[in-house]
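Colleague: In the order they appear, the protein sequences are chains A and B. When you read off a place in the first sequence, starting at 1, and then add 97, the result is the number in the numbering used here. Just so it is clear: in the second sequence, position 327 is 323 by the numbering used here, and no numbers are missing.
Computed, partial: chain B to chain A, Cβ under 8 Å:
hint, residue
1, A153
2, G172
3, R182
4, T282
Simulated from the structure, these hints should not be mistaken for lab results. Don't be surprised by glycine CBs; every beta carbon is placed ideally from N, CA and C.
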Amino acid sequence: MSAKQDKDEKDSESETLDRKELSKRRFLTAATAAVGTAGIGVVAVPFVKSLEPDAAASAASVVTVDISGIPPGGHITTSWQQKPLIIVRRTPEMLATLNQVTAMLKDPDNKVPQQPSYAQNIYRSRKPEWLVMMQVCTHLCCSPAYDPEKGSVTPTWLGGFFCACHGSRYDLSGRVMHGSPAPTNMVVPDYTFIDGEKSVQITGLEKKSKLC
Amino acid sequence: MSDKRGFWVWINERLPVSGFLKASMTEYYAPKNFNFWYFFGSLALLVLVMQIFSGIFLLVHYYSSADQAFDSVQGIMFDVKWGWLVRYIHTTGATMFFLVIYLHISRAYLYGSYRKPRELLWIFGWIIYILLMAEAYLGYVMPFGNMSYWGGEVITAIIGAIPGIGDWLVSIVRGGPAFGGATLTRFMAWHVAFIPLLLIVIVVLHLVALHTVGSNNPDGIEISKKLNADGRPLDGIPFHPYYTVKDIYGVGVFLTLFAIVVLYAPTLHGLIIESDNYIPANYLQTPPDVTPAWYLSPYYAILRSIPEKGLGIAMLGLSIILPFFLPWLDRCPAKSVRYRPVYFVMLILLAISLLVLGWIGLQPANPALLPYARVALAVYFGFFILLPIISKFEPVRPVPERVRS
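With these hints in hand, go ahead and build the complete structure from the sequences.
Modeller: Here it is, written out as structure tokens:
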């Protein structure tokens, strides 16, 4: 009997000790977990940052393109920052189509800033004849094919750009048509004519424009 | 003889080999009524091992730089002794992996294998499927052909549509302003190390969960409810030797088909390797018809069927995430399609919708196909939306107490 009583006493004594110990240990566990989590969070930063483009990859570039050899109706495809860029010398007939497609366009007046302010016109260019544009579909970055022939994409096609990836359609100014998955018109970069219109110098993209 | 036994004892005192074999093979009871649909879990495991094995051999000769990747793959095909065989095993393995996984998933839909108590088993399985899609996509980019390049460009662009952090995430994934050499090296790190390691971990969890709850069966009833005097399921048989022998037979048939594809139709007329990918990556020229590998084409058709960027991507994401909720969407007291005539019709419609979407996804972008894609998409989503309602009221045939053999 006495042995049992003795044991009970010891139990209650160790119980109060345990409770004290327990709350202390809980605190230590929580503190260790908090410090550990913070540590992982801090160490994660350099690892994630290491995945960002390095300095060489993100260097901006200026590209000069010789356009003296392009005949009316002709075009060249070149690149800016490893992305396709098209320069088209449009004929008066091609420019005439730009007014015929207005009803089919999502943003005929170029309200979304996908071009420098001097290109916010139906030609989307400094001079109506010349289209200087990133040939990158605003849907998911494919490069739409340049299809100037009438009827080449659909029977009523007046010429423009057709993206084979997801079927987005654009007019001859790169304005997106209704029924395309692409949300906005293709991007016109910042450019200037130099050497009296013999060359075009591409200097970058407008801050607010979004390639894709 | 006694030496051998002594060695076995020595091992088991230090590593529980025989205990593990007992618990997971010789005394692990599986339902006795498995049928054709139960070959594909073990086959999936086999293909995983084959992919890792053949992948290691490809890695010996592959260079992950933008300048050398394409040529090094051509080198594997033409200069490395037997390199063509190793590569074709790896490319065919990717397609076979999805074929096997799709049949394996179909089995779960048919017999309600996702239902309680197998919810976690199902979720691990669906995570494996998503990881597999990522792994296949990353691997598709490795040869750096023109389809690799533009496929890579498009999929990374999808990430950019995530509101807020999208642009930053794309720069992390691409490692530069455009898809290029920096992308290739990080894709290799993920394809070769990160995703496979994750896959192995989740596969182990999938198997541990399976052995905790036990296999479902074509009747969708729990064999653990009818035990004999020894506490063993009356309708269960030991996995080894019964199902190991069955699975080895399946492996034999599977490897025969596998060899026929590798040796006689390694590109499978563009289904496994597309002709446009024999052209080196050209960042100025999108191929005329950009279509994905067949196993991803239903999702691609979903993306294309909606003429609005954000919504299209949201629907794509939703279509992949919805099956996670399947265990809680299905509220029918019976699990197996054998006792659920209405559910049977729903499954047929679901299968047709996926086949239609898959076929449309492989066709060139064509506005005339859009209405069909949208109807199929509505059927696909309709399955998940209507399941909670229909499964509550659908007629159920009497479910037997014991499995039918």
